[in-house]
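Peer 1: Below, each chain spelled out in residue letters.
Protein chains: 2
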Amino acid sequence: MSVKTDIANIAQRAKKASQYLNTASESIKNKALIQMSKGLLKDAEAILKANKLDIAAASKEGKSAAFCDRLKLTETRIKKMSADLVCVAGLPDPVGQVIKMLKRPNGLMIEKIRVPLGVIGIIYESRPDVTSDCAGLCLKAGNAVILRGGRESINSNIAIYKAISKAIKKSGLPEGCINLIKSVDRKAVNMMLEMSDYIDLVIPRGGESLIRMVVENSKIPVIKHYKGICHSYVDEHADLDMAEEVVFNAKVQRPSTCNAMECLLVHKKVAKQFLPRVIKRFKAAGVEIRGCRNTASLVKGIKLATARDYATEYLGLILSVKIVDNMAVACQHIAKYGTRHSEAIITNNFQNGVTFFKTVDAACVYVNASTRFTDGNQFGLGAEIGISTDKLHARGPVGLEELTTYKYVIMGNGQIRT
Amino acid sequence: MSVKTDIANIAQRAKKASQYLNTASESIKNKALIQMSKGLLKDAEAILKANKLDIAAASKEGKSAAFCDRLKLTETRIKKMSADLVCVAGLPDPVGQVIKMLKRPNGLMIEKIRVPLGVIGIIYESRPDVTSDCAGLCLKAGNAVILRGGRESINSNIAIYKAISKAIKKSGLPEGCINLIKSVDRKAVNMMLEMSDYIDLVIPRGGESLIRMVVENSKIPVIKHYKGICHSYVDEHADLDMAEEVVFNAKVQRPSTCNAMECLLVHKKVAKQFLPRVIKRFKAAGVEIRGCRNTASLVKGIKLATARDYATEYLGLILSVKIVDNMAVACQHIAKYGTRHSEAIITNNFQNGVTFFKTVDAACVYVNASTRFTDGNQFGLGAEIGISTDKLHARGPVGLEELTTYKYVIMGNGQIRT
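Residue numbers (the working numbering), protein chains in the order written: chain A, 7 to 424; chain B, 7 to 424.
Heads up, some of the hints might be wrong.
If several chains are the same, the list does not tell them apart, and a pair holds so long as it fits within one copy or across any two.
Said to hold, decoys possible - Computed list of lysine-lysine pairs in PhoX-like fashion (alpha-carbon distance at most 25 Å, straight line): (1) K193 <-> K225; (2) K175 <-> K225; (3) K118 <-> K106; (4) K55 <-> K168; (5) K86 <-> K118.
It is worth saying that the hints were derived from the structure and are not from the lab.
Whenever a hint applies, use it, and build me the whole structure from the sequences.
Peer 2: Okay, structure coming up:
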């Protein structure tokens with residue numbers, strides 16, 4: 007069978023299953039999730055065996071240690087994947103939620119109700135845990151899913167897919183609820199991105215080049231996350247002890263994440279008091295500092311930051327630092343270099359706090375807290391499929407609600423328009 | 007100045023203005039809308055004069071009477087455009103609305119707040135009233151707008167734009183809030199659709215070919231409305247008198263609109279009783295009927311419907327009719343030929359009503375009412391910019407709320423992630 011026919015068959019199968027899932031009860035969806043969770047444990051051995059093949063091939067290809075680490079599954083990781091599915095089963099079902107109820111003078115009752123999107127395509131890199139993770143979230147929100155993982159994880163993905171497919175069947179839902187594209191041909195992705203008659207939404211998960219490729223080629227709406235260049239601005243009215251704890255946490259607690267701080271902006275009036283001590287602490291934690299000229303003249307022995315630094319998502323222990331004349335300049339810097347992800351101000355001045363969060367255009371704006379909180383679980387929204395830096399449909403954490411749409415149901419007793 | 011530089015300048019001007027509008031108060035936006043409303047009346051003479059040039063050119067080019075009618079402005083139409091802006095000023099401001107408030111165990115207060123999208127591009131055909139209409143709605147929702155109307159209405163659009171621009175200036179808002187692309191070069195649209203760094207959303211308003219062109223070429227998210235092939239299904243348990251009134255209204259009250267019924271589905275058990283009388287009434291109102299074989303054998307002298315008929319948005323006095331074995335078949339027909347716009351069932355059976363609205367995938371699903379109600383005003387949502395047949399971001403009427411996005415504002419007192 008050609009790749010094209012294969013993709014078309016999968017898309018049609020998913021669409022058909024989505025029409026069934028559309029009205030599936032919460033209890034049957036939860037039952038399927040619990041079965042999937044058990045299925046992963048039951049098939050753990052087969053999954054680990056398949057993963058070994060992927061790891062061996064990746065090592066042979068000379069992939070980096072970080073790459074292999076993301077690719078690698080262990081018993082602990084499988085247990086985590088299994089437990090995450092149980093968590094998703096425990097989250098409230100967004101489907102059927104009444105968003106709004108409008109009663110019209112002519113007696114029409116208009117309900118705006120949350121409903122599944124239909125079919126969601128997920129395109130991701132070689133991280134096999136994404137397979138069960140995305141399958142679970144899409145299913146809970148009543149959507150069929152088409153998964154397309156990285157070539158290097160194909161054996162692991164097929165093994166995981168087999169385990170959860172059996173579980174789906176056992177639960178009584180159609181197998182087409184969860185679909186995996188097994189072809190590693192790159193053209194398969196392009197074909198998938200053409201299927202706008204069958205797929206309602208595409209979510210790419212991975213690096214910037216993957217996401218750009220999806221955006222450039224997709225005929226289907228995309229929810230994406232390019233990168234997170236997050237700033238913390240220490241205002242002249244900041245509590246400097248609080249500021250130190252918050253910015254240290256934002257940078258150091260887990261620097262490889264998209265919500266970690268990449269640039270520290272400091273009001274000139276507090277720079278002298280604040281920067282030497284905080285930079286000392288950063289350096290002790292192994293953070294390389296790249297500062298503006300004024301920072302460099304305050305603290306000796308640091309590299310000068312270039313415009314390119316300000317535009318870089320380091321995802322590691324490097325931090326750019328800039329002293330600014332006032333909050334407006336800080337906001338302008340964020341508008342220029344920020345990626346609309348997470349931005350913070352540390353201040354005790356009420357008006358500055360309000361002006362900052364009103365002015366800064368980002369998914370999440372913090373006053374006196376670490377940007378590291380941008381996360382569906384931390385927000386109390388439950389598990390998420392990613393953080394959107396888009397403005398349409400979903401912004402910030404993409405949880406179950408963001409994997410749905412709505413419809414209007416209008417109930418009448420013979421109303422006609424005059 | 008080249009078209010490209012011109013478009014880039016406009017886009018940058020709009021983005022700059024949007025940063026100002028982002029925090030503009032409701033009262034200044036309303037003041038601007040009232041000034042715009044007055045400006046149209048004050049400049050009515052100049053607008054009508056410019057419109058005469060457009061009408062003369064269109065007649066010379068041999069444009070249809072319907073085309074010229076949409077293009078034509080009269081004193082009454084300008085008064086209507088002016089009054090509509092006053093209505094928009096009276097609508098509640100969606101910006102700043104708190105959608106959700108989450109209090110976390112660590113004391114973080116997370117507000118999900120409605121905020122403007124930024125810059126919206128509107129690409130439309132030669133209907134000059136769209137110019138003031140879209141400008142007003144975008145402004146009220148706190149967005150800068152870039153308008154690009156049809157070539158044939160360029161003189162009218164420039165005159166309207168001048169009138170509202172003066173008003174914007176008078177109100178104290180930056181002129182860049184409202185922008186008109188004056189170039190009639192088709193390439194200008196393509197350039198506009200590339201400006202994803204400056205424009206956040208594009209809304210095409212017009213026929214299917216315009217919309218397809220925008221979707222194919224846009225690097226910016228699009229909210230669109232392809233077409234409305236709306237069905238009414240008369241169930242075996244319908245009150246046939248009610249059904250007659252409702253389907254007659256859905257077809258005849260204003261057949262040129264997207265929410266008018268194009269296809270009538272009738273359960274076989276009531277077809278004999280229902281169809282002859284309702285077809286007689288349709289025919290008396292000048293509606294041409296195209297029926298399935300069974301319909302044709304029930305009512306003599308009607309054309310046979312083809313698959314192509316079922317896939318056609320007539321936008322006029324033609325109706326396709328099909329007798330179905332049961333509700334499931336009706337739903338399948340709708341899934342195949344419907345455009346996810348507005349679909350109705352007429353039934354007194356509770357379970358059938360519920361199953362229908364759960365099963366049918368459309369922006370608006372009606373039980374016992376005319377599909378003609380799909381409209382922002384009729385829903386009590388206020389004025390709208392169109393009806394979206396998309397599922398992402400906005401579905402159904404696109405009113406002020408749909409012209410916004412949201413952000414999370416997180417307020418803390420030094421919280422860090424552990």
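Peer 1: Next step is simple, just say for each hint if it's right about the structure.
Peer 2: Here is what the structure says about each hint:
In the homo-oligomer, the alpha carbons of K193 and K225 lie at most 25 Å apart both inside one protomer (15 Å) and across protomers (21 Å), since each shortest distance falls under that limit. Taking identical chains as interchangeable, the C-alpha atoms of K175 and K225 are never at most 25 Å apart, the minima being 31 Å within one chain and 40 Å between chains. In this assembly of identical chains, K118 and K106 lie within 25 Å of each other by CA distance both inside one copy and across copies; the values are 5 Å within and 17 Å between. For the identical chains of this complex, K55 and K168 are intra-copy neighbours only, at 13 Å inside a copy versus 71 Å across copies, given an alpha-carbon limit of 25 Å.
Taking the shortest alpha-carbon separations for K86 and K118, neither the intra-copy value of 36 Å nor the inter-copy value of 30 Å comes in at or below 25 Å.
Hint compliance for this structure: hints 2 and 5 are broken, all remaining hints hold.
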